[in-house]
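Visitor: Here is what each chain is made of, one letter per residue.
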Amino acid sequence: MKKDEITTILIKYIKKEFTRDSEVEIVAETDLFASGILDSLGLMKLIRFIEATFDNPVPLIDILPENFSSVRNISLYLTNA
Amino acid sequence: MTNPTPTYYPLTPSQKQIWTGQLLFPDSPLYHVPYLFKFNGAINPEVLQNAFQELVNCTDILRIVIGEGNEGLEQQVLPTYTFALERIEMGSADFEKSVEKWALDRSNLPLATNKPLFDAAILENRESGFVLYLNLHHVITDAITASLLFERLSGIYDNLIQGKPALTELELPQYRDCITPLVAQGESHAQDATIRYWQDKQTRLPVFPQLGSPGKPGLDTKTTRVAIPLGSERFKKITELLGQKGFATFTRQMSLTNFFTSVLTAYLYRVSGQRAFTIGTPVHNRYTHQEKKTPGLFIGVYPLINKIDPERSFRELAASNYQELAETLGHCGSGIASTAISRNINCIVNYLPATFTNFGGMPVETKWIHPGYSDPMHYIRLHLTEFAADEPLELSADLSSDVFTAEQINSFPQNFLDILDALVAQPDETLGKISRVNPEMEALFLENFDKTALAPEPKTFLELFQEQVQNQPENTAFTLNDSAVSYAEYQQKANTWAAALKASGCQRGDTVALQLGRTEDYMFALLAIMQLGGIFIPMPSDLPAERRDYILVDSGCSFILSRSTFTTPEGIQVLTPEDLNRAEPNETPEFNSLGTADRAYIIYTSGSTGNPKGVAIQHGALGNYLQWARDRYAIDAQTVMPLFTSLGFDLTLTSTLLPLVAGGRVSLVPEPAIGPDLAALRIWSMEDITAIKLTPSHLRLAGDRNPELPNLKTLIVGGENFQTALAEQATANFGHGVAIYNEYGPTEATIGCIVHRYAPTQSASVPIGSTIAGMGAFILDEHMQLTPPGVPGEIYLSGAGLSTGYINRAELNQERFVFHPESGQRLYRTGDVGIWNTDGVMEYHGRNDEQVKVNGHRVELQEIEAVLAQFPSLEGAAVSLDTINKPLQESEANCRECGLPSEYPSADFDENNVCHLCRSFADYQNEVASYFKTEDDLYQQIRSGTNSDNKYDCLSLLSGGKDSTYVLAKLIDMGFKVLAFTLDNGYISEQAKANIDKIVTALGVDHVYGSTEHMNEIFVDSLERHANVCNGCFKTIYTLSTQIALEHEIPFIVTGLSRGQFFETRLAEETFMDFRDSGKSIDDIILEARKLYHQEDDAIKQLLETEIFNDANNFEKVQFIDFYRYTDVSLSELLRFLKEKIGWERPTDTGRSTNCLINQLGIYVHKKKKGYSNYAFPYSWDVRLGHKTREESLDEINEALDEEEIRKMMGEIGYFEDLEPTDQLVAYVAGDNLPNSQELRAYLAGKLPAYMIPTTFKKVEALPLTPNGKVDKKALQELNPLQLGAATKYVAPRNDLEELLAEHWGEVLQLEKVGIHDNFIDLGGHSLAAIRITGRINRELTLELPLSKIFEHPTVAEYGVYLENKLEELMALDDD
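For the record, the sequence lines run as chains A and B. Numbering-wise (full-length UniProt numbering), the first sequence opens with residue 1 and increments by one. Numbering-wise (full-length UniProt numbering), the second sequence opens with residue 1 and increments by one.
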């Protein structure tokens, strides 16, 4: 899957689950933790979604801020994996 | 954004759970969450009051009222609510304490349900300042809520102080806006995978381990909160660890939660031994920014399944728990985990993500008050709180009073920290090796239980005895009835015997067996052998010869002293008392100097291999016990002890030897020459005895015998678990002046080594106490680690009393005698389970193998027994775990010849894998061969019995299968006029019916279908009686076809039974072997059996018209002929014939080799209940007789079963038995006035958790005992389920005749034990069994008893009387 597609899917999911489609702006670069969109619980939920949607198991060891801090980083992580 | 309408909302899933819990315990403050906020600075209380009202105004949860609406529970948000914040003046003395006390009391008051669910007040004192008390019901709050409210209040207060307006509701997020999404989430889970995850997880949740206290959890909301002081030093170490691999997670909060979850997992493992746990993790469930800012209940608790591998380290445990935590969090969401899941969460690790920084710039101290109650399903709740950033993490635990004793609660913080410390200190050590107790605790243990250093001066029995001979030679050493032997006489006689033994060649170090019974001779022999330096083996007088010889050879005996001579194994000499008495009296003692290391005796105890094992005990061990016991039990010259228990039991050595080391007297109670040993009953009238050593079972015998023992001072009880109820009864019987001791000790540690003087106690069993001088006892887990107080472990023993080992059992010695890995002490591993407590007392918790698992719960059988024993009219109870029903699987092995499965009852395969049936068949195959005849014989028989007036010559039973079709075709072929009969049992396949029509048309034969409206009842009855459907179907066919035959005057009914089926229904080994010489023809026997067969009181007899069978003439009018008795046709020939004659084809729509659809239901039930197919036995005969190959038979037996179809049919016929393999607790209760099962169940229900309540209660007259006086559980378990269900009590045979009968009944009916009052029919007896049993008895007693007698006298007892009369009659005839 291309990065763009991944980005679109992830942003859509995050908006639906974590901002309830409110007017909060989310772009690929948004820092998901600093903005308070994700905490550890939200992250685990997002990872479950990623694993299921992209059929890409995420080992615990990969759960690092640099991999998941933004949609862009997640896309990078997924496409480099 | 706030929406003003509607004001009514449903409850969210989490709210529903909590409110339902509250409704279950309406008066309990179990969901109150009270806080105290102490302001460290000046507060304006009036402003605070106003601010609080503003808080209520702008926060909807503070205006929520919950009630029952039209559609169930609902919550209403009141538009306004005026709450006057009370100001309460407290005394200045102990301000903080009195505030806490006030808060606790106040928080225990119920919150009114018609008002918003919170309470608040200002507690103040001029000198001490202000404290805000705020208590919210959990249904409107969670940890984050508390923080948010505090923050709002602080903001409002600030504004008011500064003269700014308060916050308005519209500016703030409100709970009511989140209700809809929270409810919706619970109703529609976005992903199916999530639903599956929880469904699957729900089935895998491990149950909470049992921690030693048998409470009934889940009923009491009372909990105790204990602080677990971490301290900064320890917390620093933990923090360091959390940065390391395996412990580090994504966030600090997660790392902390995971760390403490892992410690709790390890703790539970270390205290329980269980290896998988459900631990609940509260999840805040706030996903969006708005939710994170909304006060209200969002939290849910989700289960983690944490598993222990004892070989892995704490670091590995933490890593795998993190994996589980991450996966669980990924599947969370409001309302996703069902209530059923929540009920299985009994432990919680709760990190409270709440901080209360400051209030209007003022520092605040926050306290979370525990109201003393919480959800009764939460046995352990571990709380981690960090209310202020600069304060250290605080750890506390709420422990349920249902599950934990007060002692366990008090010791919990220390136990928990001990394990935590050990884990943190050694994060890479395998978990199994992590120490479970701290050094102080270990020291306390050793002080109480390791007394190896306190051994008395080593002395042998001989030395101790000699002192008595010197000091009080005239005292009586022992008595037998009226004859008394003084110490001097005893010594003298022993000298003579020792000399005589020596003259016979007995030397120092020789082993001498004693089988003299409890006689004077036994006493003389003991002393003589010890003087010679020999080793004695005490043998009970009723020891079977085979076992005796085994012991003689195994022990390397040179001599056996016995009352009579017998043929001994080679090299062993028998000596009788007469032989020894012939010697000249010898005044000079024959003394070989003995050391404490010299072997004194060998006692044989039962071994798991079936052969007894010899335990060798040296003099030092014996001397250690005797000296200690003499002092402890105050044994002196006035002591009289009865010697009445079995000599082969090491417990008996106390009565034999202990009085002799104190100048006291042994009172011999001999065995009778013949008949049962009633010594245990006789002692209760022996007035002179002062001390008794006995088992609890013996003591129980005293119960209803009004013992008259005016001199009794001491009861020493040993050998098995001693229930408190029995001790209480003994105290009532003998008075408080009698000291009752519970003495624990296996033979391997010499008689007794842990002892306790009974005093009234709460526990169900009398503790075993503490170790005797010279001995050490340890309670260790499977990794040889000391268990914490109150936690079960295995008892290990050490010290002077330890045996040197088993005779000739190197492997067993290695297994049972081990070395402590740290101290290097030699230990004996008892296999007994015990616990210790800090008072220095041990409790016995049964055998290792008495600990069973019932649906995952660890159950001590003994505990149930002890509780049962307290029921007034019970005289005894034993509980065992029996497995009922079998898994559906192919047999483990099949006979190489005939394919008989190894699961067939009493199947016995030889080394070539040939079954017992095939082996013994060789002995009578000629007789069997002569039973079979030719087709010509058949033709002649039918022809001669019929005439041309008959419309039909015979009725042919036609099922439509190949065998019966062949029969019909052949009969036609032979030229007979035939009426074909088919039973339509409702399950004949369509193709089979078409086949039948085709056949009868092709053959041009008349045909009738028989049927009955009662078929389903007959099926169910057959399933219950025989675990198959065929028996019921066959009998229906016989009954209906006989009716038709009588009606049409048809003289013969021809069956298509296979030869194998003859052996299932008509023939048996006994038919050929035992009636061989009876002069009766096999046909007569079969006819006799057939008459009885139709008298059996089953569903057919009750539901069909069976009066025809009451007239013996009818059996003459209609005779049965088994076609296949007359032909030896092979399968291929048969099929060829059918194909050519009528184009017969095998039906394909049954999916099986049969044409009957319900047949597989019968096979299924039979396999489930008995473990093998009901066709296995007849097919084995088909193979044995050459009518099937082994492979054909196995293919058919192992045909796949369609379980879905089977369940459908079960529903149709109304058979609803649960066939899943399950382990059932069975209680065996003894007594005269026994309560019924319901009463017992109700009684236990009040005392034990549901899983500990036996499913079945079996009444027995008395609990059978092993020769050593312990309850014989094996004998009880051998009682068959049929017997268990019956109302009759098990009574063992009382004489030889009954024993003979019971043995044959047992063998034929395939039961291990038959009680003399058990009913033949109830035990599954039928006519073939009657043939077999009668045959056996006839052969053994050379009689000709008719088969019917067994139905007339259907119990062993009644039949025994009949048989005895019969024998007397015959003898009288002989005399004439």
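No lab work stands behind these hints: they were computed from the structure. Worth double-checking, as some hints may not be accurate.
Said to hold, decoys possible - No more than 30 Å apart at the CA atoms, straight line, and that leaves these computed lysine-lysine pairs for DSS-like:
hint, chain 1, residue 1, chain 2, residue 2
1, B, 16, A, 16
2, B, 293, A, 15
3, B, 1259, B, 1273
4, A, 15, B, 1273
What you are looking at is a predicted structure, and each value in this text was computed from that prediction instead of being measured.
Visitor: Determine which of the earlier numbered hints do not hold for this structure and return their numbers in increasing order.
Guide: Going through the list in order, the structure violates hint 4 alone and respects the others.
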